[in-house]
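Enquirer: As a plain string of letters, each chain reads:
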Amino acid sequence: MAETDPAKPSDDPARDDFQARLAAARERRDGGRDAAGAAAARNIGQLGLGFRVAVDLLAGVVIGTGMGLALDRWLGTSPWFLLVFLALGFAAGMMNMLRTVRAADAARRRIAGERGKRE
Amino acid sequence: MASPLEQFTIKPIVPLSLGKLDVSFTNSALMMAIAVALVAGLLVFSVRSRDLVPGRLQSVAELGYEFIAGMVRENVGDEGRRYFPFVFSVFSFVLVGNLLGMLPGAFTFTSHIAVTFALALTIFIGITCIGIARHGTHFFSLFFPHGAPIAAAPILIPIEVISYLSRPVSLSVRLFANMTVGHIILKIFAGFVITLGSVKFFVLPGVLPFGMLIGLTALEFFVAFLQAYIFTILSCIYLNDAIHLH
Chain D
11 MAETDPAKPS DDPARDDFQA RLAAARERRD GGRDAAGAAA ARNIGQLGLG
61 FRVAVDLLAG VVIGTGMGLA LDRWLGTSPW FLLVFLALGF AAGMMNMLRT
111 VRAADAARRR IAGERGKRE
Chain V
105 MASPLEQFTI KPIVPLSLGK LDVSFTNSAL MMAIAVALVA GLLVFSVRSR
155 DLVPGRLQSV AELGYEFIAG MVRENVGDEG RRYFPFVFSV FSFVLVGNLL
205 GMLPGAFTFT SHIAVTFALA LTIFIGITCI GIARHGTHFF SLFFPHGAPI
255 AAAPILIPIE VISYLSRPVS LSVRLFANMT VGHIILKIFA GFVITLGSVK
305 FFVLPGVLPF GMLIGLTALE FFVAFLQAYI FTILSCIYLN DAIHLH
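Going down the list, the protein sequences come from chains D and V. Numbering-wise (this note's numbering), the first sequence opens with residue 11 and increments by one. Numbering-wise (this note's numbering), the second sequence opens with residue 105 and increments by one.
If you're looking for bench data, these hints aren't it; they were derived computationally from the structure. Any given hint might turn out to be false.
What the hints assert, rightly or not - Computed from the model, here is a short list of chain V residues facing chain D with C-beta under 10 Å: (1) Ile259; (2) Glu264; (3) Ser267; (4) Leu269; (5) Ser270; (6) Arg271; (7) Val277; (8) Asn282; (9) Val327; (10) Leu330.
Nothing here was measured: the structure is a model prediction, and the numbers come from that model. Virtual Cβ for every residue (Gly too), placed ideally from N, Cα, C.
Can you make the complete structure from the sequences, with help from the hints?
Expert: Structure, rendered in structure tokens:
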């Protein structure tokens, strides 16, 4: 059985009309759903990213504080190592944050680029 | 109303002790055992028939396999293929743990920092060992950004070391905090439904929190998937760092 391509215009005008209406209906359905879904996904994604960034900063400070306290207890130099490592931990947390945001940015740009290519 | 934190209590089922150490088989351990049994059972039984056109269960197994295989290929590259079983185990264990927690009355083992930190520390130590085994002492160049002036080393190296050591902390805190917070919110809203629904005006005041609860439950399912995904993809990224060094 020879299958005709449904998207190809045929000799039958009624069929062409149906194809046009079908395409318009699909466009209406997918266009609306895509926009709403994408907006929701973007909001949740931003929320998640914000939380990830906060945890990144926290982790750096926690590890810095822990290392400072441990060194102070070992060498009996309280509070000097704690002060130094608190600052270093904060810097490390900032670095973690920057890396996360940069990676998220690169991913966003890649997705946007792919979408642009497809359209 | 019971405390919203009550759901996180560890209860020993079979009390055991190893010397002075308490190694009881708890409700947490039971849920972990169920998770492992579920994953293993699904993978073994669903592909038993080896159909060319997969049935329902077989498609679930194949989808999971292809999802993780794609993630490993994209984030680690071809060298990452040998670590696929490891990544797949991590993903399925965390995902099934999160989802099992959504069953009413079930215990969520991923809501305990002890569990997620042990998991993250295992991954962290494993990945560090892989990096040292592949690159030897060259692995430690990871702690010095390429092209930075040597004079900056006394500051940069401690920062990079702390940043590296903070990975298991952020990895585990993220999963644990998301699961704990989500389940506390669910419990609080469920409590609202009961307390507001039992005051005057029939049950009308309880309808609003009930509607919220439905939405929150759906959100929690989404979070269960998302957090398993984030946990796994970050493991992949750390693995990529250890294999490729910058």
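Enquirer: Going back to the hint list, which numbers does this structure go against?
Expert: Hints that this structure does not satisfy do not exist here, as all of them hold.
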